[in-house]
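Engineer: Protein chains in written order, with the UniProt record's numbering: chain A, 1 to 110; chain B, 1 to 694.
Keep in mind that the hints were calculated from the coordinates and are not lab data.
Each hint should be verified, as a subset may be incorrect.
Claimed, not checked - Straight-line distance between alpha carbons at most 27 Å, and here's what the computed DSSO-like set of lysine-lysine pairs gives:
| # | chain 1 | residue 1 | chain 2 | residue 2 |
| --- | --- | --- | --- | --- |
| 1 | A | K20 | B | K306 |
| 2 | B | K632 | A | K24 |
| 3 | A | K20 | B | K590 |
| 4 | A | K8 | B | K590 |
| 5 | A | K26 | B | K318 |
| 6 | A | K26 | B | K303 |
| 7 | A | K86 | A | K8 |
| 8 | A | K26 | B | K517 |
| 9 | B | K303 | A | K86 |
| 10 | B | K318 | A | K8 |
| 11 | B | K517 | B | K590 |
| 12 | A | K8 | B | K306 |
| 13 | B | K590 | A | K24 |
| 14 | B | K318 | B | K363 |
| 15 | A | K20 | B | K572 |
What the hints assert, rightly or not - Which bits of chain A does chain B cover? Going by a derived footprint, with three or more residues having C-beta under 8 Å, they are:
| # | region |
| --- | --- |
| 16 | 11-20 |
| 17 | 25-39 |
| 18 | 68-78 |
| 19 | 91-99 |
| 20 | 102-110 |
For every residue, glycine included, the Cβ atom is placed at its ideal position computed from N, Cα and C.
Letter by letter, the chains look like this.
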Amino acid sequence: MATLHTAKQVATAFQREYAKTPAKLKVLDAFSGLAIATALLQFVYAVLIGSFPFNAFLAGFFCCIGAFVLSVCLRMQVDPEDMSGKTERAFTEYALAMCVLFLAALNYVG
Amino acid sequence: MTDASNTPPVSGVATTSTDGSKKSDKRSPGSSAASLTTVLTLIAICLLATAVRLFSVIKYESVIHEFDPYFNYRVTRYLTEEGFTKTWNFFDSFTWYPLGRIVGGTMYPGLIFTAGLIWKVLQALRSPIHIQEICVFMGPLFSGLCALATFFFMREVRGDGAGLASAAFIAIIPSYISRSVAGSYDLESIAIAALVTVFFLYVKTLNTASLRWATALFFGYLYMVASWGGYSFIVNLLPIHCLASIVLGRVSTGLYVAYAPFAILGALAALNIPVIGFNAVLMSEHFASFAVFGILHAAFAIKWIKETLPPRTYEAAKRVVWTVGTAVAGVILVLVTGYVTASPTFGWTGRSLSLLDPTYASKYIPIIASVSEHQPPAWSSYYNDLHLVTLLAPAGLVAAFTPLTDASLFLVLYAVTAVYFSGVMVRLMLVLAPAAACLAGRGATRQRDGSIKVFDDFREAYSWLSHNVPADAKVASWWDYGYQTTAMANRTVIVDNNTWNNTHIATVGRAMALPEKASSEVFRSLDVEYVFVVFGAFIGRVLGVGRGYPSDDINKFLWMVRIGGGVFPDIKERDYLNRGQYRVDSTAPKAMLDSTMYRLSYYRFAETGPLFGMPYGYDRVRQQTIGLPDFKLKHYEEVFTSEHWMVRVYRVLPEPNREVRLPNPNRVKAQRGAKVKPRRPSGDPTSMPSKTRQ
């Protein structure tokens with residue numbers, strides 16, 4: 001019970017602090033969260049209903065996780081506290097990397 | 001970057017870079033433009049790397065060597081004839097008769113497609129070089145590229161000077177030369193270049209923390225997984241480095257950008273290659289990368305939460321996470337352990353398991369244990385294969401810690417793991433070579449050529465087979481020669497170097513161990529018409545260094561017995577040994593002397609005359625006089641023996657040879673001075689025998 005109480009406290013504190021992050025990063029975070037949620041959904045589906053064809057499941061799953069990872073990379077590069085400048089370049093590289101990810105996943109979906 | 005990589009190296013280490021002026025006093029050593037001297041030296045090193053490997057081609061002829069290259073060459077030939085798409089679906093009915101082999105799904109396509117692409121480009125440029133020439137020169141070409149990659153790798157780690165020295169070392173290190181010499185058209189000849197390239201791209205991404213290098217890393221790794229099974233070394237080394245970085249507190253944006261996309265995109269890349277397929281997520285070799293992926297995210301999450309929350313709340317959060325996190329982690333651990341222990345090999349493939357437990361193969365999989373390259377190396381082979389680098393590398397290892405950057409930490413881990421694995425299997429000396437070269441990248445060295453002595457008996461025999469044996473005839477031999485037989489003799493074989501079907505190999509092994517009559521029945525059941533053995537005693541012990549020349553079938557025979565006996569219980573190893581000793585002289589047991597391998601190897605051998613005062617039938621390889629010098633073959637007919645008796649081809653007779661007198665158990669041998677019964681002339685009624693003899 002004490003754990004639950006502290007958890008609630010932590011959650012409220014976290015929400016308060018998180019609200020201070022710039023909107024740009026919040027959008028990226030939302031997208032990352034969506035990607036993870038989609039991956040989770042696919043995983044649950046595979047466990048409950050079946051993973052045939054396995055390569056299609058893996059392609060979709062890895063694509064979502066990959067999108068999450070790349071978004072987090074972009075967030076770290078664009079974060080004004082970490083590194084300064086070169087945001088445009090970071091975005092172009094991000095777009096390129098996403099294309100490559102989708103290409104790899106598409107090739108595997110079958 | 002937050003780590004202290006700006007301090008110049010300790011002056012006690014001899015930094016004799018070839019252009020004399022470079023010191024790593026920059027933030028990221030690889031970020032400066034190279035000077036003209038550096039560029040010229042680098043070009044010279046690449047040319048040196050290529051030139052050193054052309055020795056055998058210049059002295060002898062442009063031909064493909066060894067065994068595995070012949071399979072690669074055959075598939076490449078098919079590629080040039082049929083095209084890329086058809087090669088993916090290539091089903092080989094010429095081998096593993098009657099099973100065949102699904103080549104498209106069991107080959108590493110990198111080497112073959114690269115050669116095919118080069119051929120296509122040259123064709124388009126109106127330069128019709130034959131595919132064999134391209135295949136022969138792939139090794140030298142890629143070793144030049146490997147030197148280039150090594151330069152860039154060490155440049156990232158330490159600077160131009162170290163880069164040049166390392167490139168020079170890798171260009172001439174013997175263990176790499178022997179696998180990439182002109183004519184060695186094998187996976188390792190491009191895979192080592194790909195390996196070092198992947199390492200360079202990883203370290204570059206680490207240092208620059210940019211996604212474009214991460215994308216380049218993906219393409220480099222894609223080429224690596226397409227090229228060689230040794231990619232599993234990378235997919236474990238990088239997680240080890242990531243973990244070590246986390247433990248040492250070197251968590252940074254660069255680490256995340258370098259590792260996290262690699263783990264996911266790399267897995268996708270490996271999945272796309274048919275020969276790996278689902279193994280990329282189901283086999284234990286890859287679990288480390290996923291485990292560290294999780295740990296990395298945990299580390300970053302902790303870091304981020306720590307930065308976001310005020311200190312007291314963070315402490316409270318830690319408590320919550322501990323209780324919940326351990327429970328979740330426990331559940332996952334139970335699931336993974338359950339999955340892993342359900343498999344008899346704990347989810348590892350046989351080849352990887354034999355690396356972790358060197359005794360595994362000798363106990364359970366004789367076919368893996370029997371391959372000579374899989375044996376542990378002797379201490380001397382470290383010096384023979386690495387030369388001066390052996391002495392300089394430890395110094396480089398120590399120097400890598402002063403100062404310790406992310407990149408130099410990577411190099412240290414690479415070298416340590418490579419040393420461990422090369423101690424398990426001598427063929428992995430090849431993986432150690434670049435690491436050792438990089439570590440030793442601080443001085444100069446000498447050079448030693450490795451040349452290969454070639455007897456042409458093999459090609460003579462394959463040529464004979466291709467001209468004198470019907471096109472659809474099946475040829476049986478030990479699996480070592482399968483690829484060469486299909487490629488050069490162009491005949492169907494039963495087993496080949498792919499060794500994917502242990503029972504099929506055991507069938508051939510058993511046949512070689514059985515007496516003539518039984519073995520001819522086994523061969524006839526496989527539709528085999530011709531059998532050949534490789535025999536080395538006529539020319540005596542062959543000179544060679546390391547993997548230079550294979551031993552003959554009599555020396556391999558015990559492995560045939562073991563492998564055959566592993567599947568068929570009627571073959572027992574102890575029947576072929578004399579009190580635990582492997583002999584071919586008169587002390588050899590009956591099973592050994594009756595075995596088909598013995599008979600086919602030593603048929604007519606004693607008739608070849610005594611050699612230098614030795615008795616008839618003296619086997620120089622085993623240094624014994626053979627136990628059964630004179631015998632006739634009843635179920636086989638010798639049809640071809642090459643010039644130095646190295647390859648001996650026999651035909652399996654459909655019926656026993658009637659020229660040989662079959663033993664009549666009732667016959668009484670005539671003795672000298674036997675009395676001859678006086679007979680009356682025929683027709684004499686008193687001397688007519690009761691039975692008439694025909």
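Engineer: Give a verdict on every hint.
Structural biologist: Hints versus structure:
At most 27 Å may separate the alpha-carbon atoms for a hinted pair to count; A/K20 and B/K306 meet this at roughly 15 Å. Distance restraint check for B/K632 and A/K24: the Cα-Cα separation of roughly 89 Å exceeds the 27 Å cut-off, and the hinted pair is therefore not satisfied. Straight-line distance between C-alpha atoms of A/K20 and B/K590 comes to about 89 Å, which puts the hinted pair past the 27 Å bound. Under the criterion of a C-alpha separation no larger than 27 Å, the hint pairing A/K8 with B/K590 is inconsistent with the structure, at around 83 Å.
The hinted pair formed by A/K26 and B/K318 meets the criterion: a straight-line CA distance of about 24 Å does not exceed 27 Å. Only pairs whose Cα atoms come within 27 Å are accepted, and A/K26 paired with B/K303 is accepted, the gap being roughly 18 Å. With a C-alpha separation of about 39 Å, the suggested pairing of A/K86 with A/K8 is violated against the 27 Å cut-off. Between the alpha carbons of A/K26 and B/K517 the distance comes to roughly 81 Å, so the proposed pair goes past 27 Å and is violated.
Only pairs whose Cα atoms come within 27 Å are accepted, and B/K303 paired with A/K86 is accepted, the gap being roughly 24 Å. Of the supplied pair hints, the one linking B/K318 and A/K8 holds, its CA atoms being roughly 13 Å apart against a limit of 27 Å. Straight-line distance between C-alpha atoms of B/K517 and B/K590 comes to about 15 Å, which keeps the hinted pair within the 27 Å bound. The suggested pairing of A/K8 with B/K306 holds, with an alpha-carbon distance near 17 Å, which does not exceed 27 Å.
For the suggested pair B/K590 and A/K24, the alpha carbons sit about 85 Å apart, so the restraint of at most 27 Å is broken. For a cut-off of 27 Å, the pair hint linking B/K318 to B/K363 is broken: about 48 Å separates their Cα positions. About 77 Å separates the Cα atoms of A/K20 and B/K572, which puts this hinted pair outside 27 Å; it is violated. Given a C-beta distance limit of less than 8 Å, the hint that chain B covers the region 11-20 of chain A holds, as 4 residues qualify and 3 suffice.
Counting residues of the region 25-39 of chain A whose C-beta sits closer than 8 Å to any C-beta of chain B gives 0, which falls short of three, so the coverage hint is violated. For the region 68-78 of chain A, the proposed coverage by chain B is satisfied: 7 residues have a C-beta within less than 8 Å of a C-beta in that chain, meeting the threshold of three. Coverage of the region 91-99 of chain A by chain B holds in this model, with 4 residues showing a Cβ closer than 8 Å to a Cβ of that chain against a need of three. With a threshold of 8 Å between beta carbons, the proposed coverage of the region 102-110 of chain A by chain B holds, since 4 of its residues qualify and at least three are required.
Against the hints set out earlier in the document, violations occur for numbers 2, 3, 4, 7, 8, 13, 14, 15 and 17.
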